[in-house]
Structure formats: structure tokens, C-alpha cells
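Colleague: One letter stands for each residue in the lines below.
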Amino acid sequence: MTDFRHSVETMIPALRRYARALTHDTDLADDLVQDTLVRALRSEKLFLGGDLRAWLYTILTNLNRNRRRSLARQPVLTELHDTPEPSGTEAEGRDITRALAILPEEQRAVLLLVALEGLSYRDVADIQGVPIGTVMSRLARARAQIRSMLEGERPVLRRVK
Amino acid sequence: MIHDTPVTEDELHAHVDGELPPERREAVEAWLAAHPDDAARVQQWRTMSDMLHAKYDSVADEPVPARLALDRLDQRPRQWAYMAVAATLAAFIVGGGTGYALRGAAPQQTTVASFTGDALEAHRLYVVDVRHPVEIAASERAHLQQWLTNRCGWQVRAPELDVQGLKLVGGRLLPGPTGPASFFMYENAAGERFTIYASRANNQTSNMRYATRNQDGAMYWADNGVGYVVAGPIDKQKLTQVARLVFDQSEQAGRRL
Numbered sequence: 001m002t003d004f005r006h007s008v009e010t011m012i013p014a015l016r017r018y019a020r021a022l023t024h025d026t027d028l029a030d031d032l033v034q035d036t037l038v039r040a041l042r043s044e045k046l047f048l049g050g051d052l053r054a055w056l057y058t059i060l061t062n063l064n065r066n067r068r069r070s071l072a073r074q075p076v077l078t079e080l081h082d083t084p085e086p087s088g089t090e091a092e093g094r095d096i097t098r099a100l101a102i103l104p105e106e107q108r109a110v111l112l113l114v115a116l117e118g119l120s121y122r123d124v125a126d127i128q129g130v131p132i133g134t135v136m137s138r139l140a141r142a143r144a145q146i147r148s149m150l151e152g153e154r155p156v157l158r159r160v161k
Numbered sequence: 162m163i164h165d166t167p168v169t170e171d172e173l174h175a176h177v178d179g180e181l182p183p184e185r186r187e188a189v190e191a192w193l194a195a196h197p198d199d200a201a202r203v204q205q206w207r208t209m210s211d212m213l214h215a216k217y218d219s220v221a222d223e224p225v226p227a228r229l230a231l232d233r234l235d236q237r238p239r240q241w242a243y244m245a246v247a248a249t250l251a252a253f254i255v256g257g258g259t260g261y262a263l264r265g266a267a268p269q270q271t272t273v274a275s276f277t278g279d280a281l282e283a284h285r286l287y288v289v290d291v292r293h294p295v296e297i298a299a300s301e302r303a304h305l306q307q308w309l310t311n312r313c314g315w316q317v318r319a320p321e322l323d324v325q326g327l328k329l330v331g332g333r334l335l336p337g338p339t340g341p342a343s344f345f346m347y348e349n350a351a352g353e354r355f356t357i358y359a360s361r362a363n364n365q366t367s368n369m370r371y372a373t374r375n376q377d378g379a380m381y382w383a384d385n386g387v388g389y390v391v392a393g394p395i396d397k398q399k400l401t402q403v404a405r406l407v408f409d410q411s412e413q414a415g416r417r418l
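For the protein sequence lines, the chains are W and F, in the order given.
Letter 19 of the first sequence, counting from 1, is numbered 19 in the numbering used here, and no numbers are missing.
Position in the second sequence (from 1) plus 161 gives the number in the numbering used here.
Any given hint could turn out to be false.
[Claimed, not checked] Facing chain W, according to a computed beta carbon distance under 10 Å, are these residues of chain F, among others:
(1) R202
(2) L213
(3) V225
(4) L229
(5) L406
Worth flagging that the hints you see were computed from the coordinates, not collected in a lab.
Think of the CB as a built atom: it goes at the ideal place given N, C-alpha and C, for glycine as much as any other residue.
Produce the entire structure from the sequences given, and follow the hints as far as they go.
Modeller: Quick look at the structure:
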């Protein structure tokens with residue numbers, strides 16, 4: 001197996017974790033990862049070196065964006081899933097999951113990329129295709145929102161698109 | 162001197178995320194020592210990260226599912242991509258008679274969310290109608306059921322919901338994601354309306370899932386390749402009761418023709 005393929009393969013568990021946290025849907029998450037991998041394998045020649053990890057997250061981010069755009073005619077459904085939760089103390093897990101779900105997608109993505117996936121601000125800016133300042137403001141808002149939700153205050157309501 | 166520049170909000174975040182330039186660390190730590198409110202906030206951010214790791218790190222420890230094996234992916238990209246291409250071609254050749262072509266959207270695998278969304282759209286569209294909420298009224302129940310059965314390709318029956326105080330208003334045929342959908346409307350003495358939407362679904366069988374949109378609630382499940390959505394006013398308990406009733410009766414009726 002080539003170095004490239006081997007490197008891609010080592011990234012799969014982290015991509016799965018990110019996709020699962022982002023979408024909170026096991027099947028959808030693995031669909032996204034699968035599509036990401038297919039694209040990555042096909043684009044080997046287009047990968048000109050640099051950060052493979054950030055590149056893979058960028059592909060996944062773009063695929064998710066396309067998927068959400070094509071679902072855009074449907075307003076957001078709030079859904080309580082029956083998929084089994086990954087392990088973790090249940091009370092904690094429920095709070096953070098619910099808090100995450102209420103965030104706008106871009107803020108959720110930034111928080112997960114930084115706090116869960118440990119990517120640098122520079123990488124996150126590249127992945128999202130925005131300036132670092134935008135990353136910082138999304139991060140600040142995400143943390144403020146989650147903090148107030150975890151403290152049980154009334155969350156800041158976001159406008160329904 | 163490094164203490165001269167005021168500490169910024171961004172620097173507090175950077176401190177938590179390991180993004181702070183080393184020469185700023187002393188200033189930030191001094192600030193946090195002197196400002197307990199900020200220190201508490203920063204601690205909460207750390208707790209958030211811990212909670213995320215506690216919740217999701219296990220996913221990264223799971224064995225990678227077979228469908229994501231790289232060798233496999235070379236041969237076979239996800240099936241829906243092929244189906245999508247085939248459907249587009251078929252629509253083009255046949256002259257745009259398929260549901261996908263009419264909708265104009267790129268064909269893709271129907272998710273539970275989009276299926277439920279379609280059902281909720283239909284619910285919202287028709288329950289507000291006073292004069293024409295349905296196409297065939299309950300007075301022609303036998304005809305309605307036969308017609309929908311013929312068009313949809315599975316046994317379509319309007320269940321008995323009297324025990325929930327719901328009377329059949331009637332029904333209609335709708336376009337579903339991959340083919341026709343049957344649609345029934347019920348009403349109680351208070352004028353509240355519930356609908357039952359059914360169409361072929363990708364899932365063979367699934368658990369019940371609850372969803373809401375604005376003032377409407379819905380219960381989704383799939384049984385034997387048919388997806389069902391019971392929609393009504395938001396009241397999870399009531400919806401669950403109605404959905405269970407529908408499920409019990411449809412289980413017998415839903416066998417493929």
C-alpha cells in the first residue's frame with residue numbers, strides 16, 4: 001500500500017469521530033466518511049502535499065455542506081434519535097449532545113474541530129474556507145452558547161432559516 | 162514589556178487550545194489569576210472539551226466498519242451514487258416522468274429526516290384546508306383503500322382510530338420520494354387533525370423515531386420496506402399512542418402485493 005493510502009487509512013477513526021459528533025447520526029456519519037474516502041482516493045494526484053489531515057477534513061466539510069444545501073428546502077427537524085449513544089457518563093453526554101445540536105452548523109463544526117479533533121486555528125480556517133478571525137468569533141460564540149446552556153440559563157435562540 | 166499589552170478574549174481561547182505564543186503565556190496566566198470570573202469561564206471551556214472527549218473518543222476506538230475498507234472503496238463507491246445516475250438517465254430517456262425529475266432535486270438516498278420532512282410538509286399543507294382537505298372522503302372508504310392499494314403497490318388500509326377519538330376524514334395520493342405515497346387524514350371532536358403518510362422507504366424495518374417542526378410532531382417508522390409517518394399537533398405521548406395503534410393495524414395490512 002502506498003504511503004498516501006496508508007496515511008489516509010490511519011485517519012479513518014478520527015474522521016468517524018468527527019462526523020459522528022457533527023451529525024449525531026451513525027449511518028449518516030459513516031456515509032459522509034465513506035464519500036470522503038472515495039473522493040480522497042480518487043484525488044490522490046491532486047493532493048500536492050501539505051497537511052493530509054486538514055485536507056481530509058476539508059473534503060468531509062464540503063461534502064456535508066453539499067448535502068445540507070440539497071436538504072435546504074426542509075426546515076430543521078428536531079429529532080430524538082434512538083441510535084445507541086457512544087459510551088461516556090450518560091448525564092454528561094446528554095447535556096453536551098443537546099447543547100451541540102442547538103448550535104448553528106458552522107459554530108458546531110469549529111468547536112468540534114478545535115476542542116475534539118485538536119486542529120490548529122490555521123487549519124480550521126483552511127478547512128472552513130474563512131479567515132482566522134471568523135474562526136475565532138465562531139469559537140467564542142459556540143463556547144458562550146454551550147456554557148449558558150450547560151448552566152441552565154435560557155439559551156440564545158437562533159433564527160430559524 | 163510583555164505585561165503591557167492587554168489580554169484579549171481571543172488569547173483566552175488560545176490559552177485553552179494550546180495556540181498561545183509562548184511569550185504571551187505569563188501575561189495570560191497573570192490575568193486569569195487576577196480575574197476569577199474569566200478564570201471560571203476558561204475552566205468551563207476546558208470542561209466542555211473534556212465532555213466532548215468523554216462522549217466521542219470511543220468512536221475513534223471502534224473497529225473500522227468493513228464498508229470503509231479502502232480496497233473495497235476502490236471498486237464500489239456508495240451505491241446511491243450509481244442509483245442517482247441511473248435515475249437521472251432514466252428520467253432523461255423516458256421524458257422526465259419520475260418523481261425525482263419532477264422535484265428537480267439531485268436524486269439521493271432518502272434519509273429518515275427527509276422522508277419525515279416530506280410527510281410533515283404534506284401534513285401542514287392539507288390539515289389547514291377547510292373545504293378540500295382530502296380528495297376522497299371517508300364515505301367512500303372502500304373505494305379509497307382500493308384505489309391507493311392499486312396505485313401504491315402494497316395493501317393500503319385506513320386504520321380504525323376511534324379509540325383515540327379520531328374519525329377518518331378521507332385520503333389522497335401523493336408523490337413520495339421513490340414512488341407514490343398514501344395519505345389519510347383523521348379528525349377528533351376538538352377539530353385536531355392527524356395524518357398518516359406511507360411510502361416505500363430504503364429502510365426495511367426501523368424503530369419509531371420522533372421529530373418536530375414548528376407546531377407539528379411526527380412519528381416515523383419503517384416496516385417491510387414501507388415508511389410510515391403519523392403527524393399531528395406536538396404531544397409526544399398522544400402521537401405515540403396513535404402511532405402504536407396505526408402500527409398494530411398496518412402490520413397486518415402492509416404485506417407486499
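Colleague: All hints, please: hold or fail.
Modeller: These are the hints, each one checked on the structure:
1. Annotation: F:R202 was flagged as interfacial toward chain W, and the flag holds, the nearest CB pair being 7 Å apart, inside 10 Å.
2. Evaluation of the F:L213 hint against chain W yields a held restraint, the C-beta minimum of about 5 Å falling below 10 Å.
3. For F:V225, the interface hint holds, since its Cβ comes within 10 Å of a Cβ in chain W; the closest pair sits about 5 Å apart.
4. For F:L229, the interface hint holds, since its Cβ comes within 10 Å of a Cβ in chain W; the closest pair sits about 6 Å apart.
5. Of the supplied interface hints, the one on F:L406 is violated, with its beta-carbon coming no nearer than about 20 Å to a beta-carbon of chain W, more than 10 Å.
Of the numbered hints stated above, the single one contradicted by the structure is hint 5.
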